[in-house]
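Engineer: Next come the chains, spelled out residue by residue.
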Amino acid sequence: MADKAILYDATKCTACRGCQVACKQWNENDEVIPVIENGVLAKNWGSYENPPDLSPTTWLKMRFTEVEAGGKVRWLFTRQACMHCTDAGCVRVCPTGSLYHHELGFVAYDKDTCSGCGYCVEACPFNVPRLEHNVLTGIAKMDKCTLCTTPGLDRIAEGWEPACVKTCPTGALKYGDHTELVTEGNKQVQALRANGHSNAYLYGDKELGRLHVMYVLDDSPAVYGLPVAPRISAATIAWQDVIQPLGWALGGLTIIGLGINYLVAREAKLTRELPGKKEE
Amino acid sequence: MEQEVERYRKPTRILHWVHAGAFVILFLTGLVLFIPQLGFLAEDSWTRVFHRIASVIFIVAPLIYIPLNWKATLRGIKNAFSWGGADIGWLKAAPRYYFLADEKGMPPQEHMNTGQKMWWSMVIVFGLIFVITGLIMWAFKTVAPAALLQWMVLIHDVAFIATGCMLFVHIYLSVAHPLMRPLRTGAWNSMARGKVSVEYAKSHHSKWYDEVSKSVEEKS
Chain A
1 MADKAILYDA TKCTACRGCQ VACKQWNEND EVIPVIENGV LAKNWGSYEN PPDLSPTTWL
61 KMRFTEVEAG GKVRWLFTRQ ACMHCTDAGC VRVCPTGSLY HHELGFVAYD KDTCSGCGYC
121 VEACPFNVPR LEHNVLTGIA KMDKCTLCTT PGLDRIAEGW EPACVKTCPT GALKYGDHTE
181 LVTEGNKQVQ ALRANGHSNA YLYGDKELGR LHVMYVLDDS PAVYGLPVAP RISAATIAWQ
241 DVIQPLGWAL GGLTIIGLGI NYLVAREAKL TRELPGKKEE
Chain B
1001 MEQEVERYRK PTRILHWVHA GAFVILFLTG LVLFIPQLGF LAEDSWTRVF HRIASVIFIV
1061 APLIYIPLNW KATLRGIKNA FSWGGADIGW LKAAPRYYFL ADEKGMPPQE HMNTGQKMWW
1121 SMVIVFGLIF VITGLIMWAF KTVAPAALLQ WMVLIHDVAF IATGCMLFVH IYLSVAHPLM
1181 RPLRTGAWNS MARGKVSVEY AKSHHSKWYD EVSKSVEEKS
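If you're matching them up, the sequences are chains A and B in order. Residues in the first sequence are numbered from 1 upward in steps of one, following our numbering. Residues in the second sequence are numbered from 1001 upward in steps of one, following our numbering.
So that you can see chain B by itself, here it is in the shape it has in the complex (with noise of 0.2 angstroms):
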C-alpha cells in the first residue's frame, strides 16, 4: 500500500464539515436577499429560521473545537497570518500552474500553500464580521438606531460576496479542477480521510513534509 502522512486529525475535519455544512445553509438563504428573482424564496420569513439554526452551528461548532485542540488552534491562527517571500512566488507561479498544468516555478510550500492561507484567514476574519454584524442585526432589530442596522447589513454583505465568490474556488479547486483528480490523489483526500499520499506531501507541500518526516525520526 502507498505511504501515507497525516494532514488533518480528525476532530479538525469534524469541525471543517460541520461548519462547512453551517456556511452552504447559511450561504443559500443569505442568497435569496442577494438575488432578486430569488427573493419570493424569502417569503414569510422561513429562510431567516434556517439561517438563524444555522448561524448558531456556525458560532458553537469552532467554540467547542477551540479549548478542546487549543495547541492547534493557536497553530492554526498563526498559520494563517505568516506571510513570506514563498507566498510572492506562489502567487506569480499559481496562474501557470492552475491553467497550464505547469508546476515548475512553484516555491515549496509549508503545511498551508498561499491559496488556502488566503481562504484560511479570510474564513477566520470574515467568520467574525459575520458573528458580530449578524448578532446584532439579531438582538437589536428595530431597537438600534436604524443607521447602525443599515451599516451592519452592508458589512454583512461585503464579507458575503467576499467570502461567497471564495467559497466557489474552494470548492472548485478542492474536487473539480482537472489538477486535483482523481481525487484520491489530491486535496480532497487530506479533509474526506485526514491522510495524503507521502508523493503528494512532498510536491505540494515539501515544507511541512520535511517537518513531518524529521519529528517522527525524532520520535523514533
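Only chain A is shown next, with the shape it has when bound in the complex (with noise of 0.2 angstroms):
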C-alpha cells in the first residue's frame, strides 16, 4: 500500500497549538500537571511553550525556537512528536516488537505489549519517545504519537485524517499520500527560495529513508534547531546488526557443540570401559 504522511508547513503555522488540543482529546491523555511526584518538572526555562516537554501522555507539542538574526528576532514553530522514520532507530531495537511499521508505513505502537526497557528512548534520533517509569521497581511503559492508529482509537483505519490534522485551522498540517506531499512540499520550498528564503528546506525528504512527517522549512534546520542530518546511532548499529547475531551465533553453536561432544565422548567413554561394564 502507498505511504501515507502528515506534512506541516511552518511558514503557515501560527502556533495556535490546535493540535496538541486535538492529540490529547483524541487520545484521551489527560494532562498531568507536570510536578516532581509524576517525574516530569515544572521547570519554567523561559519558553513560551507548554507543557515543558513531552510526556507520556503529551505525545504532540509545538516547538518554539527564538533566532536572531540581522538585527531582528524570528519565532520559529515546529511541530514536535514522533517523525514516523522510515529507517527507525525504536523498531530496530524494540526487543518486544511493540514497535513496529504500520501497511501505511507509519512507526505503529502496540502499549499492551511494551516492556518498558526504553531503549526506543535511547535509540530516537529525534529525542521523542517518553517512559513513565518507576525508578525501584523498573516497571515502566513508553508513549508517543502513533499518528493515531493506536487500538480503539485508530483514526486512519476508518480513514479519517489524524486529529492533529483535522483540528489545523491555517491548513498548515496536511495528510495525504507520501510521494504527493513530497511534490507538494518541494513546490512550497521552491516558492519560498523565489521569496529569498534561499535556504528553505523541505526536512525529511532525505532524512533516515524518508521520515513520514515532514516539514516545510522558510530556513536551514539548524536554524530550527532541528537535527542536521540525524542518523541511527553507532550504538544501534553495533548492538543491533553486529553484537545481537553474534550472540544468536555462539549460543546456537554452544549448544551444538555440547551436544556433539556428548555423543562423541559417550562412545569414547563406553570402548574405553572394560566390556559388560556398561552404566547408564
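Keep in mind the hints are simulated off the structure, nothing from the lab. Keep in mind that the hints are not guaranteed to be accurate.
Mimicking BS3-like on lysine-lysine, the simulated pairs with C-alpha atoms at most 25 angstroms apart in a straight line are [to be verified]:
| no. | chain 1 | residue 1 | chain 2 | residue 2 |
| --- | --- | --- | --- | --- |
| 1 | B | K1104 | B | K1207 |
| 2 | B | K1071 | B | K1104 |
| 3 | B | K1010 | B | K1195 |
| 4 | A | K269 | B | K1202 |
| 5 | B | K1104 | A | K269 |
| 6 | B | K1141 | A | K141 |
| 7 | A | K111 | A | K24 |
| 8 | B | K1010 | B | K1207 |
| 9 | B | K1104 | B | K1202 |
| 10 | B | K1141 | A | K269 |
| 11 | B | K1141 | A | K111 |
Chain B is faced by these chain A residues, among others (derived, beta-carbon under 7 angstroms) [stated by the list, open to error]:
| no. | residue |
| --- | --- |
| 12 | N27 |
| 13 | G252 |
| 14 | T254 |
| 15 | K269 |
The model shown is predicted, which means the values in this text are computed figures rather than measured ones. Positions of the beta carbon are idealized from the N, C-alpha and C atoms, including for glycine.
Hints are included, so try docking the two chains, each in its own frame, into the full complex.
Structural biologist: Now the structure itself:
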C-alpha cells in the first residue's frame, strides 16, 4: 500500500496549539500537572512552550525557537512529535516488537506488549519517546504518537485524518499520500526560495530513508533547532547488527557443540571401559 | 569408606549456590529481551522486577562473603589470574580428554584446572561489568545521556553472551558430560557436598592434592 504522511508547513503555522489539544482529546491523554512526583519537572526555562516537554501523555508539542538574525528576532515553530521514520531506530531496538511499521509506513505502537525497557528512548534520533517508570522496581511503559493508529482509537483505519491535521485551522498540517506530499512540499520550498528564503528546505524527504512527518521550513533545519542529517546511532548499529546476531550464533553453536561432544564422549567412554561394565 | 578430601568449604558452597540461583534468574529474565520470539514474556515489565530482585542478591551475596572469608577471597582471586605453562598444556590436551576420554597428556593441575580458571576469571570480570553497567541503567534510565545508556546496554549484552555461553558449558561439564558421571565420582560432589575422593583429587588436581596432603602431614 502506498505510504501516507503528514506535511507540516512551518510558514503557515501560527502555533495556536490546536493540534496539541486535539491530540490529547482524541487519544484520551489527560494532562498531568507537571510536578516532580510524576517524573516531569515543572521547570520554567523561559519558553512560551506549554507543557514544557513531551511526556507519556503529551505526544505532540509545538516547539518555539527564538532566533536573532540581522538585528531581527524571529519566532520559529515546529511540530515536535514522532517523525515516523522509514529507518526507525526505535523499531530496530524494540525487543518485544511493540514498535513496528504500520502498513502505511508509520511507526505504530502496541502499548500492551511494551516491556518498558526504554531502548527506544535512547535510540530515537529525535528524542521523542517518553518513558513513565518507577526507578526502584523498573516497572515502566513508553508512550508516543501513533499517528492516530492506537487500537480502539484508530482514525486511520476509518479513513480519517489524524486528529492534529483535522483540527489545524491554517492548513499548516496536511495528511495524504507520501509521494504527493513530497511533491507539494518541494513546490512550497521552491516558492519560498523564489521569495528570498534561499535556505528553504523540505525536512524529512532525505532524512532516515524518508520521514512520514515532513516539515516545510523557510530556513535551514539547524536554525529551527532540528537535528541536521539525523542518523541511527553507532551504538544501535553495533548492538543490533553485530552483537545480537553474533550472540545468537555463539549461543547456538555452544549448544550444538555440547550436543556433539556428548555423543562423541559417551561413545569414547563406553569403548574405553571394559566390556560388560557398561553403565547407564 | 572411601577416603575423601575437602574441596570447597561450606561458606564457599553457599555463596556458589546463592550466586548461581541469582544468576540463572538474571539470565532467564535477560534472555527474554535477547531472543525476539520470547519478547512477549517481558510484557508489562514483570521480568524486570525479578531481574532487579535477583541482581540485589547477586551483588549482596559476595559482599557478605568477602569480609567473612577474606583469605579465601584473596586466594581465589589470585588463582583466577595465575596462568602458566601448565595451562597451555591443558588447553592442548583438553579436546582429546573431553571428546575421546584420553587423559594422557593432561599436565598436573592445581586446585582449579585451566577450564575452571577460565570460567572463574570470567565470573569475576564479567560479574563486575554486569554490576557496573546494570547499576548505571537502573539508576540513570532516561537521566543519563542516551548514548551512554546505549553503550551500557551493549556492554551488558556482550557480558550476557559470553557468560551465557559459558554457563551452558559449566552446567554441562558439571552434571552432563559422560566423564563426569556418575555424579558422586566427579566435580558435582565438590560443590554439592564439598568433598571429593582422594582418587579424584590425585587424578584431576594432583598439584593441589600434593599441597593439601603435605600441609595435613605438617599439622599432624
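Engineer: For every hint, state whether the structure bears it out.
Structural biologist: Against the structure, the hints come out as follows:
1. B:K1104 - B:K1207: holds, 16 angstroms
2. B:K1071 - B:K1104: violated, 34 angstroms
3. B:K1010 - B:K1195: Measuring from Cα to Cα gives roughly 10 angstroms; hence the hint holds.
4. A:K269 - B:K1202: Measuring from Cα to Cα gives roughly 20 angstroms; hence the hint holds.
5. B:K1104 - A:K269: Holds. B:K1104 to A:K269 sits at ~14 angstroms (cutoff 25 angstroms).
6. B:K1141 - A:K141: holds, 13 angstroms
7. A:K111 - A:K24: Holds: A:K111 and A:K24 sit about 16 angstroms apart, inside 25 angstroms.
8. B:K1010 - B:K1207: With Cα atoms ~23 angstroms apart, B:K1010 and B:K1207 stay inside 25 angstroms; holds.
9. B:K1104 - B:K1202: holds, 14 angstroms
10. B:K1141 - A:K269: violated, 52 angstroms
11. B:K1141 - A:K111: holds, 19 angstroms
12. N27: Status violated, d = 20 angstroms.
13. G252: violated, 10 angstroms
14. T254: holds, 4 angstroms
15. K269: Because about 5 angstroms separates A:K269 from the closest Cβ in chain B, which is inside the 7 angstroms limit, the hint holds.
The structure fails to meet hints 2, 10, 12, 13 from the earlier list, while all remaining hints are met.
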